[in-house]
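*Asks:* Sequence:
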Amino acid sequence: MFNLNDKKIIITGAAQGNGEAIARGLSALGATVILADLNQEKLDAVKADIEQQGKKVFAYSLNVADPANCLEFAQRVQLDVGDIDVLVNNAGILRRSNLESDSWSKDLEDTLNVNVKGSYYLVHAFVDSLKMTKGNIVNVASIQSFVAATTATSYAISKGAVAQMTKTLAAELAKYEIRVNAIAPGVIETPMTEYTRSNQHILESYLRHVPMNRTGQPQELIGPVAFLCSDAASYVTGCILPVDGGYLTV
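Counting in numbering that gives the first Met the number 0, the sequence shown runs from 0 upward without gaps.
Careful: at least some of the hints might be erroneous.
[Stated by the list, open to error] The following label-pair restraints were derived from C-beta to C-beta distances:
#1 Asn-212 / Ser-233: 16 to 22 Å
#2 Asp-109 / Ser-197: 19 to 25 Å
#3 Val-235 / Gly-29: 32 to 38 Å
[Said to hold, decoys possible] Subject to a maximum C-alpha distance of 27 Å in a straight line, what follows is the list of computed DSS-like cross-link-like pairs (lysine-lysine):
#4 Lys-105 / Lys-116
#5 Lys-174 / Lys-116
#6 Lys-116 / Lys-54
#7 Lys-130 / Lys-55
#8 Lys-54 / Lys-133
#9 Lys-130 / Lys-116
#10 Lys-41 / Lys-133
#11 Lys-41 / Lys-54
#12 Lys-55 / Lys-41
#13 Lys-105 / Lys-133
#14 Lys-166 / Lys-55
#15 Lys-130 / Lys-166
#16 Lys-166 / Lys-116
Just so you know, these hints were derived from the structure itself, not from any lab.
Ideal Cβ positions, reconstructed from N, Cα and C, are used throughout, including at glycine.
Let the sequences and hints guide you as you build the complete structure.
*Replies:* Here it is in structure tokens:
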């Protein structure tokens, strides 16, 4: 039921952090993984390592914030791989600023372009392919889809939008038997969260809300994503699954 053999799965932001871990994990479960990222050097290294494990993998440079690039990427994947089964929208950025920061306008624009529009562009680019396979989409939301982040305002706004996009597309695409779900990670030990984890005061304040009293590891996202990708979740759509050590419960 959790077998991902013969599944063709795109993972964006796959050159490092959560995306890399998810890509490696889904590959180990039998999927053909299609990696996409702006960082070509790191992406090629991940691809080479997965190939050394005897797994089938493709890799493409992609700027998710560019709608034309997303369409070109979809065309290349169609030619090289065929119709896909799953799109994992993981690519994202975080700008540590708020409404009163000098950079607020650019930070908001850049964050929405990558985190929200980028995911939407890719859904649009691959929706016909997903119709053919009755596939599914897994977005990466956040605990900040639900709670405020006064030091990363644009990020929280964007992840709130990702959550609502997930639910709206789940309703819209159900007629094609396409499922749309998301995970909502807490603080996971990646380069993006280094600032939070290196500041003892901020980290202690965060952990007071985490019953498991620790941050997460990128590998701990693999199981939730694999579940949502798989036939085990065949009656699950519109779900935003927290992977947060219990943060949202207290």
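*Asks:* Does each hint hold? Answer for all of them.
*Replies:* Evaluation of the provided hints:
1. A beta carbon spacing of about 35 Å between Asn-212 and Ser-233 contradicts the range 16 to 22 Å that was offered as a hint.
2. The hint said 19 to 25 Å for the Cβ distance between Asp-109 and Ser-197, and at roughly 23 Å that hint holds.
3. Taken as a hint, the range 32 to 38 Å is violated for the pair Val-235 and Gly-29, whose Cβ atoms sit roughly 20 Å apart.
4. Only pairs whose Cα atoms come within 27 Å are accepted, and Lys-105 paired with Lys-116 is accepted, the gap being roughly 15 Å.
5. As the CA atoms of Lys-174 and Lys-116 are separated by approximately 23 Å, the hinted pair is consistent with the 27 Å bound.
6. A hinted pair counts as satisfied when its Cα atoms are at most 27 Å apart, and Lys-116 with Lys-54 does not qualify at roughly 31 Å.
7. Of the supplied pair hints, the one linking Lys-130 and Lys-55 holds, its CA atoms being roughly 23 Å apart against a limit of 27 Å.
8. Between Lys-54 and Lys-133 the alpha-carbon distance is near 24 Å, which keeps this suggested pair within the 27 Å criterion.
9. Taking the CA atoms of Lys-130 and Lys-116, the gap is near 21 Å; set against the 27 Å cutoff, the hint holds.
10. With a C-alpha separation of about 32 Å, the suggested pair Lys-41 and Lys-133 falls outside the 27 Å cut-off, and the hint is violated.
11. Simply put, Lys-41 and Lys-54 have alpha-carbon atoms about 18 Å apart, close enough for the 27 Å limit, and the pair holds.
12. At most 27 Å may separate the alpha-carbon atoms for a hinted pair to count; Lys-55 and Lys-41 meet this at roughly 18 Å.
13. Under the criterion of a C-alpha separation no larger than 27 Å, the hint pairing Lys-105 with Lys-133 is inconsistent with the structure, at around 38 Å.
14. Distance check on the hinted pair: Lys-166 and Lys-55 sit about 32 Å apart at the alpha-carbon level, beyond 27 Å; violated.
15. Distance check on the hinted pair: Lys-130 and Lys-166 sit about 18 Å apart at the alpha-carbon level, within 27 Å; holds.
16. For the given pair, Lys-166 sits about 16 Å from Lys-116 by alpha-carbon distance, which is consistent with the 27 Å threshold.
When each numbered hint is compared with the structure, violations occur for hints 1, 3, 6, 10, 13, 14.
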